[in-house]
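*Asks:* Line by line, the protein sequences are chains L and Y.
Going by our numbering, the first sequence opens with residue 29, and the numbers climb by one from there.
Going by our numbering, the second sequence opens with residue 29, and the numbers climb by one from there.
No wet-lab data here; the hints were simulated from the structure.
Mixed in with the good hints, there may be bad ones.
Below, simulated DSBU-like cross-link-like pairs (lysine-lysine); rule was C-alpha separation at most 30 angstroms, straight line [stated by the list, open to error]:
1) Y/Lys391 <-> L/Lys129
2) Y/Lys279 <-> L/Lys206
3) L/Lys125 <-> Y/Lys247
4) L/Lys247 <-> Y/Lys206
5) L/Lys391 <-> L/Lys339
There are 2 protein chains.
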Amino acid sequence: MAAKKTETESKKKTIKHAPGADLESRLADLGQDVWHTIEGGDSPLIEIPVRGLSNVSWDKKTNTLKLGEKLLKRNFLNTAHSRKFMQTMLVAAYCYKHLLKPNLHGSQRDLYYALKRTLANSDENTFDDQRESDPCIVDLEVTLETLRERLHVSAAPKGRVVGPATIEDRGDTIRWDKMGSGGWAIPSNVEDIRFKDVSADYLLAVEKDAAFERLNEDKFWEKQNCILLTAGGQFSRGARRIIQRISREHKLPVYVLTDADGYGWYIYSVIKFGSMALAHASTQIATPEAQFIGVTLTDVEKHGLQKYTIKAEAEDLKRTKEIMQYPWFQRAEWQKELKKALETQRKAEIEALSSKGLQYITKTYLPQKIADKDFLP
Amino acid sequence: MAAKKTETESKKKTIKHAPGADLESRLADLGQDVWHTIEGGDSPLIEIPVRGLSNVSWDKKTNTLKLGEKLLKRNFLNTAHSRKFMQTMLVAAYCYKHLLKPNLHGSQRDLYYALKRTLANSDENTFDDQRESDPCIVDLEVTLETLRERLHVSAAPKGRVVGPATIEDRGDTIRWDKMGSGGWAIPSNVEDIRFKDVSADYLLAVEKDAAFERLNEDKFWEKQNCILLTAGGQFSRGARRIIQRISREHKLPVYVLTDADGYGWYIYSVIKFGSMALAHASTQIATPEAQFIGVTLTDVEKHGLQKYTIKAEAEDLKRTKEIMQYPWFQRAEWQKELKKALETQRKAEIEALSSKGLQYITKTYLPQKIADKDFLP
Numbered sequence: 029m030a031a032k033k034t035e036t037e038s039k040k041k042t043i044k045h046a047p048g049a050d051l052e053s054r055l056a057d058l059g060q061d062v063w064h065t066i067e068g069g070d071s072p073l074i075e076i077p078v079r080g081l082s083n084v085s086w087d088k089k090t091n092t093l094k095l096g097e098k099l100l101k102r103n104f105l106n107t108a109h110s111r112k113f114m115q116t117m118l119v120a121a122y123c124y125k126h127l128l129k130p131n132l133h134g135s136q137r138d139l140y141y142a143l144k145r146t147l148a149n150s151d152e153n154t155f156d157d158q159r160e161s162d163p164c165i166v167d168l169e170v171t172l173e174t175l176r177e178r179l180h181v182s183a184a185p186k187g188r189v190v191g192p193a194t195i196e197d198r199g200d201t202i203r204w205d206k207m208g209s210g211g212w213a214i215p216s217n218v219e220d221i222r223f224k225d226v227s228a229d230y231l232l233a234v235e236k237d238a239a240f241e242r243l244n245e246d247k248f249w250e251k252q253n254c255i256l257l258t259a260g261g262q263f264s265r266g267a268r269r270i271i272q273r274i275s276r277e278h279k280l281p282v283y284v285l286t287d288a289d290g291y292g293w294y295i296y297s298v299i300k301f302g303s304m305a306l307a308h309a310s311t312q313i314a315t316p317e318a319q320f321i322g323v324t325l326t327d328v329e330k331h332g333l334q335k336y337t338i339k340a341e342a343e344d345l346k347r348t349k350e351i352m353q354y355p356w357f358q359r360a361e362w363q364k365e366l367k368k369a370l371e372t373q374r375k376a377e378i379e380a381l382s383s384k385g386l387q388y389i390t391k392t393y394l395p396q397k398i399a400d401k402d403f404l405p
Numbered sequence: 029m030a031a032k033k034t035e036t037e038s039k040k041k042t043i044k045h046a047p048g049a050d051l052e053s054r055l056a057d058l059g060q061d062v063w064h065t066i067e068g069g070d071s072p073l074i075e076i077p078v079r080g081l082s083n084v085s086w087d088k089k090t091n092t093l094k095l096g097e098k099l100l101k102r103n104f105l106n107t108a109h110s111r112k113f114m115q116t117m118l119v120a121a122y123c124y125k126h127l128l129k130p131n132l133h134g135s136q137r138d139l140y141y142a143l144k145r146t147l148a149n150s151d152e153n154t155f156d157d158q159r160e161s162d163p164c165i166v167d168l169e170v171t172l173e174t175l176r177e178r179l180h181v182s183a184a185p186k187g188r189v190v191g192p193a194t195i196e197d198r199g200d201t202i203r204w205d206k207m208g209s210g211g212w213a214i215p216s217n218v219e220d221i222r223f224k225d226v227s228a229d230y231l232l233a234v235e236k237d238a239a240f241e242r243l244n245e246d247k248f249w250e251k252q253n254c255i256l257l258t259a260g261g262q263f264s265r266g267a268r269r270i271i272q273r274i275s276r277e278h279k280l281p282v283y284v285l286t287d288a289d290g291y292g293w294y295i296y297s298v299i300k301f302g303s304m305a306l307a308h309a310s311t312q313i314a315t316p317e318a319q320f321i322g323v324t325l326t327d328v329e330k331h332g333l334q335k336y337t338i339k340a341e342a343e344d345l346k347r348t349k350e351i352m353q354y355p356w357f358q359r360a361e362w363q364k365e366l367k368k369a370l371e372t373q374r375k376a377e378i379e380a381l382s383s384k385g386l387q388y389i390t391k392t393y394l395p396q397k398i399a400d401k402d403f404l405p
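Use the sequences and the hints to build the structure in full.
*Replies:* Below you can see the structure in the form of structure tokens.
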């Protein structure tokens with residue numbers, strides 16, 4: 029989202045909290061600052077990093093998307109800012125008082141309903157719509173350099189995981205290798221889970237539920253000693269955060285398996301480099317060490333799957349061209365893959381491998397790719 | 029889907045397998061019948077119950093939707109049927125030989141890719157598109173009076189569950205009360221799980237992930253001794269089947285919690301009465317004993333949540349009027365609720381309860397409703 033023109037942009041970072049301080053203190057500081065400014069007779073002000081394309085870039089060093097230095101100032105006594113200022117303060121106070129203090133978690137929608145009311149002696153509502161409260165949560169997330177999960181505001185949970193690992197969570201010891209045909213359902217917030225024992229050799233993140241179930245039925249994770257995870261489509265924040273934690277805390281290689289199409293490549297891009305919308309959170313949610321295991325269009329040729337590919341539509345080709353331009357997709361291996369997609373005008377699904385037999389993916393395709401270290405960067 | 033005009037409808041049921049026979053034998057019988065007919069010099073024929081509105085009705089006795097007696101005949105030597113006949117046979121053979129015999133499970137898409145090929149000496153593909161193979165799976169499901177899960181063709185898995193129950197699945201013993209902040213991820217196929225110990229007093233199925241996480245964080249299921257389940261939106265086949273199994277095998281009351289709107293009522297309708305598209309499977313997937321716990325528009329008034337309701341749009345009102353007409357929604361309590369929706373032109377979300385405090389749902393709203401047995405039928 030581009031910064032509203034009514035809010036002044038600046039480049040000087042003046043966030044006052046110590047980045048190491050705990051979140052409760054930082055929220056308290058935010059409130060104290062505003063309070064002291066008012067007492068001093070001035071108009072209180074919050075400075076919020078600008079989100080949106082104009083302030084997002086790819087950081088070559090960390091190999092993730094990141095936010096730039098641009099700040100916007102939200103000034104209480106500027107009539108164009110007052111309402112948003114009030115809303116930001118309400119959200120901050122709620123996180124402090126009703127979520128962090130009592131150690132409860134809520135969704136963005138809970139927070140909207142909890143804060144919606146008509147201000148005394150007026151017709152003015154604190155919030156008319158959830159579209160007014162949601163951005164305040166992101167503003168706080170960015171300003172406090174944290175994840176909204178740490179502010180105890182949950183995103184929708186999605187995803188399941190199995191494999192040789194044991195975690196502790198809310199007093200329960202949970203073995204991911206004892207989940208039968210299901211899996212451990214990944215919650216929205218994985219900040220508080222503790223990895224007790226991770227004996228896996230790598231983590232395999234798969235785009236599709238069906239591929240997850242195939243690999244789970246074949247006990248692929250047992251044979252290959254890996255953690256197997258899916259979010260069934262685009263990966264939720266919780267799933268991406270758990271991948272990052274496993275990568276960082278246990279130094280496990282991460283391989284991503286998706287369809288050979290724009291949607292699949294984008295899923296990979298988001299897991300590895302972060303997303304534009306969450307560029308401020310990349311350091312906490314992206315896994316730059318992730319590698320792409322497939323399916324690639326080279327695999328399609330190698331395994332004779334040409335007849336099982338699908339015609340790329342105009343929309344697919346457009347998407348492919350866009351991805352080709354991303355600065356973080358400039359590696360020769362990716363350019364070759366994307367060029368092949370444009371030249372052949374074909375895309376391929378993971379399930380194309382089923383034309384060789386249901387267990388081809390488990391017994392041949394993946395073990396070969398892993399043995400050959402045949403990954404895209 | 030309405031039956032194609034090219035396929036003849038009949039009312040005489042001539043399915044030859046014994047309904048009690050196991051599925052492998054019934055598939056084998058289907059093949060044998062076709063084979064014997066060909067050997068006898070006749071054109072082979074399969075009779076498939078007609079799906080679609082014209083053959084769906086509400087069965088007052090079982091209180092579920094069911095398919096009528098209409099059959100369509102698919103005749104190999106009728107040129108308008110041959111292609112579909114061939115496709116149905118391919119799918120049946122695949123289920124028999126590649127899924128049931130080796131005890132493997134696949135998705136509809138796996139099956140499509142596995143069966144797609146060009147017929148020898150022709151330009152004819154077995155299937156041009158997955159839209160050709162998917163209906164064959166349903167045709168078989170209906171004809172064999174089974175669930176496609178028992179043919180080992182999986183639907184997309186969705187949903188999570190926690191609570192005082194222990195299951196056995198693929199050799200693992202899984203305690204649903206030891207899942208931390210996550211849950212047990214419900215697989216696509218729950219036919220083979222075995223309930224080892226179910227000490228819960230009832231099952232609460234909630235529409236929304238956020239409500240599930242709130243109730244899970246508050247250990248509602250421990251305090252109330254219940255199983256807590258969500259599918260995050262419309263309930264998957266696996267989630268509906270597991271609810272039915274718990275209701276039938278353990279005689280647990282089932283309560284459904286959704287938003288007070290057309291989408292929520294429809295979720296309840298599908299869990300309880302079955303759906304039109306799966307009317308043939310109601311006896312195996314619907315839970316006619318389920319009751320609606322809320323949120324109702326009467327609750328909204330009782331708990332003073334009027335300010336937290338949302339204006340119903342034209343689409344909502346249309347949906348409400350449709351549901352009012354359903355023969356299975358004619359109970360006075362429902363007519364009163366739906367009338368209130370039309371009169372007030374408002375709808376309400378579960379999260380409206382958060383305006384009374386995050387834990388209001390856990391500590392006040394639900395315990396009260398359950399103590400008062402305040403349900404809609």
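*Asks:* All hints, please: hold or fail.
*Replies:* A quick look at each hint next to the structure:
no. : hint                  : verdict
1   : Y/Lys391 <-> L/Lys129 : 19 angstroms, holds
2   : Y/Lys279 <-> L/Lys206 : 27 angstroms, holds
3   : L/Lys125 <-> Y/Lys247 : 21 angstroms, holds
4   : L/Lys247 <-> Y/Lys206 : 23 angstroms, holds
5   : L/Lys391 <-> L/Lys339 : 28 angstroms, holds
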